[in-house]
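> Based on the provided sequences and hints, a complete structural model is requested.
Chains as they are written, first to last, in numbering that gives the first Met the number 0: chain F, 0 to 329; chain P, 0 to 150; chain U, 0 to 371.
Hints in this document: simulated from the structure, not taken from any laboratory. Incorrect hints may have been included.
[Said to hold, decoys possible] Lysine-lysine pairs mimicking PhoX-like chemistry, simulated, CA-CA at most 25 angstroms apart:
1. Lys-117(P) - Lys-31(U)
2. Lys-140(P) - Lys-31(U)
3. Lys-90(U) - Lys-6(P)
4. Lys-101(P) - Lys-31(U)
5. Lys-301(U) - Lys-61(P)
6. Lys-298(U) - Lys-140(P)
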Amino acid sequence: MVITGVCLLVFLVLLCFFLGYMERKVAAFMEIRLGPNRVGPKGSLQIVADTVKLLFKEGLTPDCADKFLFNLAPGIMVVTSMLAVAPIAFAKDFQIWNINIGVLYVSAISSMGVIGILMAGWSSSNKYSLIGAMRSGAQIVSYELSIGLSLISIVILTGSLSLSDIVYSQANGWWIFKGHIPIIISFVIFIIASTAEINRAPFDLTEAEQELTGGFHTEYAGMKFAMFLLSEYINLFIVSAIAATIFLGGWMPFHIGGLEGFNHIMDFIPSSIWFFGKTFFIIFVIMWFRWTFPRLRIDQLLNLEWKYLLPISMVNVLLVTLMAIMGWHF
Amino acid sequence: MTNEELKYNITELLPAAFYDEASEFLTVIIPSEALLPLMKELRSKKEFDFDYLFCLTCVDWKDHLMMVYHLLSKTHNHTIVVKAKITDTVNPQIESVNGIWKTAELNEDEVFDLFGVKFLNHPNLRRLFLEDDWAGYPLRKNYTDEHMIKL
Amino acid sequence: MLLGEDYITEEGEFVINMGPQHPATHGVLHMKIWLDGETIKKVEPHLGYIHRSIEKMSESLSYRQFVFVTSRMDYLSAHINNQACALAVEKGLQIEATPRAQAIRVIMAELTRLASHQLWWACAGLDLGGVTPFFYAFREREAINDVMEETCGARLTQNYMVPGGVMNDIHPNFQKRVKDVLKQIKDNFHEYDEILTGNVIFQNRLKDVGYISKEDAVSYGCTGPTARASGVSCDIRKLFPYDGYDKLQFEEILSTGGDSWARYQVRMAEMLQSVHIIEQLIDNIPEGDFAAKTKVVIKLPKGDFYQRVETARGELGVYLVSDGAAVPYRCHYRSPNFANLSAIPRMAKGAKIGDLVAIMATVDLVIPDIDR
Chain F
0 MVITGVCLLV FLVLLCFFLG YMERKVAAFM EIRLGPNRVG PKGSLQIVAD
50 TVKLLFKEGL TPDCADKFLF NLAPGIMVVT SMLAVAPIAF AKDFQIWNIN
100 IGVLYVSAIS SMGVIGILMA GWSSSNKYSL IGAMRSGAQI VSYELSIGLS
150 LISIVILTGS LSLSDIVYSQ ANGWWIFKGH IPIIISFVIF IIASTAEINR
200 APFDLTEAEQ ELTGGFHTEY AGMKFAMFLL SEYINLFIVS AIAATIFLGG
250 WMPFHIGGLE GFNHIMDFIP SSIWFFGKTF FIIFVIMWFR WTFPRLRIDQ
300 LLNLEWKYLL PISMVNVLLV TLMAIMGWHF
Chain P
0 MTNEELKYNI TELLPAAFYD EASEFLTVII PSEALLPLMK ELRSKKEFDF
50 DYLFCLTCVD WKDHLMMVYH LLSKTHNHTI VVKAKITDTV NPQIESVNGI
100 WKTAELNEDE VFDLFGVKFL NHPNLRRLFL EDDWAGYPLR KNYTDEHMIK
150 L
Chain U
0 MLLGEDYITE EGEFVINMGP QHPATHGVLH MKIWLDGETI KKVEPHLGYI
50 HRSIEKMSES LSYRQFVFVT SRMDYLSAHI NNQACALAVE KGLQIEATPR
100 AQAIRVIMAE LTRLASHQLW WACAGLDLGG VTPFFYAFRE REAINDVMEE
150 TCGARLTQNY MVPGGVMNDI HPNFQKRVKD VLKQIKDNFH EYDEILTGNV
200 IFQNRLKDVG YISKEDAVSY GCTGPTARAS GVSCDIRKLF PYDGYDKLQF
250 EEILSTGGDS WARYQVRMAE MLQSVHIIEQ LIDNIPEGDF AAKTKVVIKL
300 PKGDFYQRVE TARGELGVYL VSDGAAVPYR CHYRSPNFAN LSAIPRMAKG
350 AKIGDLVAIM ATVDLVIPDI DR
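Shown next as structure tokens:
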């Protein structure tokens with residue numbers, strides 16, 4: 000158990016290194032420039048150099064801050080995001096914790112992250128941090144609803160909350176292909192809402208550099224700041240992995256119901272490659288959002304959720320239920 | 000309106016005004032007490048309609064201060080320069096024109112900051128650039144400072 | 000928690016200070032903001048963090064020297080600032096720049112305007128949270144800066160215009176380089192629209208934000224694209240032409256929207272007009288001297304001289320008072336940003352914090368010009 004835990008930690012840190020590198024390269028690609036290309040082959044060690052720099056920086060705590068909460072907040076952020084990795088199936092029959100309420104567990108744990116943000120914003124005793132924390136409270140609570148409803152639409156079709164059951168239910172085709180238009184709508188809503196949930200642009204109002212100079216992490220420096228970054232990347236990985244598992248079949252290869260020969264050829268590609276391929280495709284899409292869209296305003300952000308996404312997903316759940324009862328899906 | 004017509008009309012309003020036609024624009028020189036009534040007329044009368052105050056500043060002539068207002072009419076496209084002479088250099092005062100042109104607020108703050116002209120009925124007169132406890136008014140000719148370098 | 004003494008007023012308004020160091024103020028502008036939740040109740044600008052008292056300095060610099068200090072005012076319109084001062088001195092001397100110098104001045108001024116608008120566009124995208132536009136705009140701006148560097152040796156605070164003309168003749172390569180730049184801008188301009196103008200989020204951030212009516216714009220002394228977006232015709236190049244602008248074909252871009260989106264569109268259209276102006280001149284630079292003959296020590300006659308030009312941000316006025324000596328008796332700059340700044344509290348009333356950033360982005364303030 001301990002060995003698994005340590006392996007997972009190492010894996011997550013390496014994953015964050017890779018995501019950091021990937022983000023820079025994607026950004027550079029979007030912005031017609033080269034990106035990191037000096038440290039290590041093709042700049043791949045740049046992120047290691049940055050981590051070393053952050054490690055050696057002073058872990059500053061402002062005089063006026065509530066010191067206990069201030070130092071606790073980054074820890075809570077990282078721990079909650081790491082906890083959510085547990086039920087994810089990385090490959091065929093390779094799961095750290097096969098819990099039968101995986102979907103519920105992930106959505107419960109991932110919403111705990113907001114406590115860390117609120118704590119950081121409140122304890123910094125900085126006005127900008129406080130506004131950032133207030134914004135994140137409103138934002139994350141709102142978008143949780145849409146995420147939950149779009150997950151429920153798959154749970155209705157599968158009849159199980161277990162992530163491994165959901166993956167096995169896609170053996171004859173992924174839900175995004177089997178579930179007609181309502182599931183495609185759920186998928187789009189899930190991607191939009193989860194981008195907002197993990198505070199990435201264009202929904203990064205809690206940080207909003209040009210408005211709030213850094214939002215809830217304005218006062219953080221050094222490794223404490225790096226922990227926010229770490230949790231952001233782990234969250235990015237988790238929402239992409241969940242989207243891949245629920246809608247795109249997780250580690251399940253691309254199968255078409257009835258075509259045995261084709262399905263057999265697809266099975267030759269290792270299941271972990273299927274899982275990571277899908278996950279990184281979604282991560283790329285979310286990064287693509289970040290580097291092409293400007294930021295929304297706070298009232299537009301809440302309007303988008305309460306006036307568009309939530310009503311649509313409610314109607315959508317009804318449609319999916321109807322579809323499940325009548326057996327219209329493939 | 001041409002300069003001649005402007006001059007004629009202003010003389011009707013304010014017989015005490017002097018004129019200076021050496022420069023590009025028609026220049027009216029008036030005592031500081033007569034400023035506000037004249038400005039109100041220049042803004043409100045249809046045939047003047049000076050709605051655009053594009054330059055507000057002050058010149059220190061050592062024995063007196065001269066407030067300079069450059070006015071333009073967007074409708075008639077004529078320009079006038081109003082110069083108000085403040086003879087009291089120790090405690091200079093003049094009416095604010097903030098009620099007529101809103102751009103005057105910050106410009107008058109600037110003049111107060113750098114020349115020390117006190118504007119009466121200004122909503123928020125403050126030292127705009129310098130610290131609140133700065134001694135002296137830097138753009139006055141008699142201003143000295145220990146850090147100033149004599150050329 | 001400790002947030003300072005007066006972070007909340009008696010009416011329950013939350014007071015924050017945006018600046019002097021803040022990513023969205025593009026310099027050391029300090030805005031004190033009274034907030035009700037996220038809604039702005041009141042904005043008060045506090046200035047003077049980079050006040051260099053250029054007006055006082057000019058009183059001890061000769062008429063040749065004081066021109067160059069102005070490159071440090073609105074550093075994005077350095078050429079145009081120098082042009083204004085040079086023209087003011089020329090007005091006092093009652094001379095005119097040579098036709099060649101006038102053509103070169105106009106080309107350089109319009110290139111400056113293009114570069115300035117490109118920086119504005121880059122920063123407008125950046126302020127609203129899109130980092131990518133920045134790099135697209137800087138691609139073209141770099142090309143313009145290369146031309147500047149080749150012509151006058153500087154990339155940002157250029158000193159090229161002198162009373163009577165320009166300092167040096169143009170580089171032999173100048174015309175070809177400028178044409179290359181124009182071609183690059185025209186070829187790439189559609190990318191600007193694709194990445195930012197057409198974006199729904201971007202449009203929603205700007206539409207109906209920071210509205211100012213025509214009457215208010217005139218009363219607040221707004222100028223340049225800010226005023227033209229409210230329908231105030233105020234292009235100095237059209238109304239009071241200088242340096243041969245009256246012989247050129249170009250349009251004054253007007254809009255009646257009055258909001259940030261109108262200001263954005265006016266500036267975008269102005270870029271194409273600047274390209275159009277340069278295209279008319281670049282093959283028709285007259286032969287002759289690049290500067291009129293002036294005395295070594297310039298002395299202006301007694302009197303006051305006012306010269307205005309259209310910088311990238313609006314009307315810059317140079318008010319020179321001469322007592323007949325070799326230095327100005329008094330020198331005042333009517334700066335466009337100072338006038339536009341005074342309208343920001345009006346525009347921002349009732350807006351959100353994010354809107355204030357959008358307003359400041361589209362009004363395009365340059366702080367050293369406000370502080371002078």
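> None of the hints should be skipped; say for each whether it holds.
Consistency of the hints with the structure:
| no. | hint | result |
| --- | --- | --- |
| 1 | Lys-117(P) - Lys-31(U) | holds (24 angstroms) |
| 2 | Lys-140(P) - Lys-31(U) | violated (33 angstroms) |
| 3 | Lys-90(U) - Lys-6(P) | holds (24 angstroms) |
| 4 | Lys-101(P) - Lys-31(U) | holds (19 angstroms) |
| 5 | Lys-301(U) - Lys-61(P) | holds (16 angstroms) |
| 6 | Lys-298(U) - Lys-140(P) | holds (20 angstroms) |
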